[in-house]
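Mind docking chain B on chain A? Use the hints.
Listed here are the chains, written in short residue letters.
Number of protein chains: 2
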Amino acid sequence: MQKGLLTFLIFGIISHNALAQNDADVLFLKSIHNQSLTESKCYGWLERLCKEAGPRLAGSEAYDVAVSVGQDILKEAGAVNIYLQPCDVKVWKRGVKEVAYYIDEKGEKQYLHVLSLGNTIGTGLAGITGKVIEVQSLAEVDNMADASLEGKIVFFNRPMDATQLRTFNAYGGAVDQRGSGLYSAAKKGAVAVLVRSMALANDDFPHTGSIQSIEGAKQVPAMAISTNDANKISALLKEQKELSIFMRNTCHFEGTKSNYSVIGEIKGSEFPNEVIVVGGHLDSWDVGEGAHDDGAGCVHAAQVLQTLNALNYKPKRTIRCVMFANEENGLAGGRAYAAATTGKSEKHIAALESDSGGFVPRDFSFDADTSVFKSYLKKVNTWLPLFESYGLQYKTEGSGADISPLKPQKTLLIGLRPDSQRYFDHHHTTNDLFSTVHKRELELGAAAMTSLVYMIDKYGLQ
Amino acid sequence: MQKGLLTFLIFGIISHNALAQNDADVLFLKSIHNQSLTESKCYGWLERLCKEAGPRLAGSEAYDVAVSVGQDILKEAGAVNIYLQPCDVKVWKRGVKEVAYYIDEKGEKQYLHVLSLGNTIGTGLAGITGKVIEVQSLAEVDNMADASLEGKIVFFNRPMDATQLRTFNAYGGAVDQRGSGLYSAAKKGAVAVLVRSMALANDDFPHTGSIQSIEGAKQVPAMAISTNDANKISALLKEQKELSIFMRNTCHFEGTKSNYSVIGEIKGSEFPNEVIVVGGHLDSWDVGEGAHDDGAGCVHAAQVLQTLNALNYKPKRTIRCVMFANEENGLAGGRAYAAATTGKSEKHIAALESDSGGFVPRDFSFDADTSVFKSYLKKVNTWLPLFESYGLQYKTEGSGADISPLKPQKTLLIGLRPDSQRYFDHHHTTNDLFSTVHKRELELGAAAMTSLVYMIDKYGLQ
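If you read the protein sequences in the order shown, they are chains A and B.
Residue numbers for the first sequence follow this note's numbering, beginning at 1 and rising by one.
Residue numbers for the second sequence follow this note's numbering, beginning at 1 and rising by one.
No lab work stands behind these hints, which were simulated from the structure alone.
Among the hints, erroneous ones may be present.
Heads up, the list lumps identical chains together, so a pair's fine if it works in one copy or across two of them.
Said to hold, decoys possible - List of simulated lysine to any residue pairs, SDA-like, C-alpha gap at most 25 angstroms:
hint	residue 1	residue 2
1	Lys41	Leu165
2	Lys30	Phe168
3	Lys187	Ser258
4	Lys30	Leu392
5	Lys232	Thr38
6	Lys51	Asn228
7	Lys232	Gly44
8	Lys238	Glu215
9	Lys379	Gln393
10	Lys41	Ala162
11	Lys378	Gln393
12	Lys30	Gly172
13	Lys131	Phe246
14	Lys378	Leu392
15	Lys395	Phe28
16	Lys378	Tyr390
17	Lys410	Glu47
18	Lys395	Leu165
19	Lys30	Gln393
20	Lys395	Thr382
21	Lys395	Asn22
22	Lys51	Thr436
23	Lys232	Glu47
24	Lys41	Ser234
25	Lys395	Asp25
26	Lys93	Pro55
The shape of chain A in the complex, shown without the other chains (with noise of 0.2 angstroms):
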């Protein structure tokens, strides 16, 4: 730590604010790291929750015993007031495994890696064959002239821009392809839809991720094809100008569930209506483990609470761990937390969500109702030489899908931001599997949260 501060001062780039944090808070911060380091159950409780629970959509069984591990951890974390929050969910299934494939030169078939996009509508067992039209972009589709993609499939292969920095970026500027593509190709006539994978690497893998709700809209089915596939494709169809591939999938909804989100905390002592939420969501896709996305952020956030108990912290405001339901298909989860809060005595001052990967820590994003958040940033502002020293930053890119239904409480939400640049090689994917989450990586993004919720906590907002 005094390494820190003397290599801010050799430098010159120091804030007027470095050299009055105070000792306590340094020592406290480290003691935190020391204990994360050392003594955390993150990585063990992730284990769990990928090995017992495995890949868990929403409505299936698979999910409820990730809330029974859930439940388990928290009680490990030594969280009090431990309870489930019911939230009713739409129930899909992907059905009988997809297939897409085309006919070569040689009259054998090519499969192709393809995985159904989540929420999807499915062709039938019959299945569907068209021919294969590439775009780029919704606009290319949306220009065409009514019935010009009548019978066809329609292939959108805009890569995600590798100039990017931050992954989530180029994610944000190709997804509108996964989210709406079949919309516009529908309209046009289409009978079905290939995404290129949100993914940076060229690899087999085909990433799944749920397709945009438009109520009323026509659908068609839509697959994700691998990286490798979608650049094979696009080759053959510069040589050879017609490419018909076929296509099958039996995804379809079963109706509407109650799943439970899972949620524990440990009570304030001088404010204890005063909230700070911790969480992440305990639903993944329904392939992989859920390892990154998101088990990381539960046992993230779970990991903060047991952190502060093992260090003997007894915090003046509530620390509350929510283990979301449904992120990936729906939102319920995080829509039902907020509803519940309305009429209650309770304020939440700040919510903090990791939902992008167990990789190691490197900012933290801010966002609120912009009636507060200048002064929430300037009380911030003043700890920033704090998670300075531990490699961490601001940004100001959004916060979590599960804890933004709480905007409009002008609570401070926050996302943990971790090193993006491997995260989308297991995204919604068969590769997103606790062998790729390294134990300090982890243990580090719980460090970070821990000390963040402490300077919270100790200090509030105003």
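Chain B alone, transformed into the frame defined by chain A:
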């Protein structure tokens, strides 16, 4: 980029230099990053080095292959004046596969995961059996009575300190056991030493690495043992006071040989005699593929030249790529390079080495002779805001082994410091593989180096 500057403003943590940056530099650094993330060759080069040369210890035939691959890489990078610089290396051979085991209660051999330390002597084919004495430090051995370890195997088992954020600091705090433990043990009559691997993870990979060279000091054979096995042996010793281990290896030296550093450059247009070195070391240990240590550094350095050429940048100063020979067990390449500069009209103004892995870049670490360091720092500090917008910071914690002999020339020495959390999962093991290097992380390291070289070239250090 504008977003980056905006963030500085919003948060008020802004250096007075931030707004003084030349827009041309902002744009050129963006070009460097765009080029590096879309068109760079370093990942393919690294694959070739790892797969064709593989593990390439000084004096081995594989090292000669690496020299050939290194020359090809420099040609592809568009370097001119490519040449080989000789140095004399001691040829150390691992000999037969090393073995260590104990006999369990059932009379069965329990093999341990071990690797002989580099430059160690061997037990001979007959092997050595000794009772194991666990110690935590050299001091503990040094304080023992003379001859008190007669016939014993000393087991150095102090773990790396998990609470160190930068894992290289944890390494620095434990590596004396590997470097010098055998000398302390030999003085007290021990017959061999086992050293807990320099790793933070609990796994089955033993980590080799060099012992110190101490002329005339008595040696005994030394092996690294995996962290899992170190924990196992320590637990056994707690249960039963006496545990004997058998060790066998046939490590030995086979004279000296000429090895070659591989050198190429872009000639400076205004000040051709002012040299900026970028480098890594071409040799590796004789296990794994030398991917992170230090194939990554070699291709980083070559990528600097290739990117500047691709962007048609004509440097004022000479940018020279050096792939150093024999870093791992002798430093003959680095010493020969520095020695060869004497008497020449060239002035080495800066040297930047990448020898800390191919992970996402986090920091530049600066070092220089105290007579000039302060003024250099003043200069480079004016550029910090440019680098901060790419998530890069400055430190003053050394540079690189190969470039350190240039220090008396008042050269600014710089080490690239990628994120260190995963490094000691791979360092000096069979797990230092190309497959563990992430393409974008490697490319971002090259982009960071290219950016700093561009700034030094353009503005100098005065």
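Hint check results:
1. Lys41 - Leu165: between (32 angstroms within a copy, 18 angstroms between copies)
2. Lys30 - Phe168: Result: close only across copies, 18 angstroms inter versus 30 angstroms intra.
3. Lys187 - Ser258: The answer is neither: 34 angstroms in one copy and 72 angstroms across copies each exceed 25 angstroms.
4. Lys30 - Leu392: Both. Shortest intra-copy (14 angstroms) and inter-copy (23 angstroms) distances satisfy the 25 angstroms Cα cut-off.
5. Lys232 - Thr38: Only across copies: Lys232 and Thr38 sit 19 angstroms apart there, 47 angstroms inside one copy, limit 25 angstroms.
6. Lys51 - Asn228: For Lys51 and Asn228, the Cα distance is within 25 angstroms only across copies (22 angstroms; inside one copy 29 angstroms).
7. Lys232 - Gly44: between (40 angstroms within a copy, 20 angstroms between copies)
8. Lys238 - Glu215: neither (37 angstroms within a copy, 68 angstroms between copies)
9. Lys379 - Gln393: both (15 angstroms within a copy, 24 angstroms between copies)
10. Lys41 - Ala162: between (36 angstroms within a copy, 15 angstroms between copies)
11. Lys378 - Gln393: both (15 angstroms within a copy, 23 angstroms between copies)
12. Lys30 - Gly172: Cα proximity of Lys30 and Gly172: across copies only (20 angstroms, versus 35 angstroms in one copy).
13. Lys131 - Phe246: Classified as within; 9 angstroms inside a copy, 69 angstroms across copies.
14. Lys378 - Leu392: For Lys378 and Leu392, both the intra-copy (17 angstroms) and inter-copy (24 angstroms) Cα distances are at most 25 angstroms.
15. Lys395 - Phe28: both (24 angstroms within a copy, 24 angstroms between copies)
16. Lys378 - Tyr390: both (20 angstroms within a copy, 24 angstroms between copies)
17. Lys410 - Glu47: Close neither inside one copy (36 angstroms) nor across copies (51 angstroms); limit 25 angstroms.
18. Lys395 - Leu165: both (14 angstroms within a copy, 22 angstroms between copies)
19. Lys30 - Gln393: both (17 angstroms within a copy, 21 angstroms between copies)
20. Lys395 - Thr382: Classified as both; 15 angstroms inside a copy, 22 angstroms across copies.
21. Lys395 - Asn22: both (24 angstroms within a copy, 24 angstroms between copies)
22. Lys51 - Thr436: Close inside one copy (13 angstroms) and across copies (24 angstroms); limit 25 angstroms.
23. Lys232 - Glu47: between (36 angstroms within a copy, 23 angstroms between copies)
24. Lys41 - Ser234: between (46 angstroms within a copy, 23 angstroms between copies)
25. Lys395 - Asp25: Both ways: Lys395 and Asp25 sit 22 angstroms apart in one copy and 23 angstroms across, limit 25 angstroms.
26. Lys93 - Pro55: Answer is within: at 13 angstroms inside a copy they meet the 25 angstroms cutoff, but 49 angstroms across does not.
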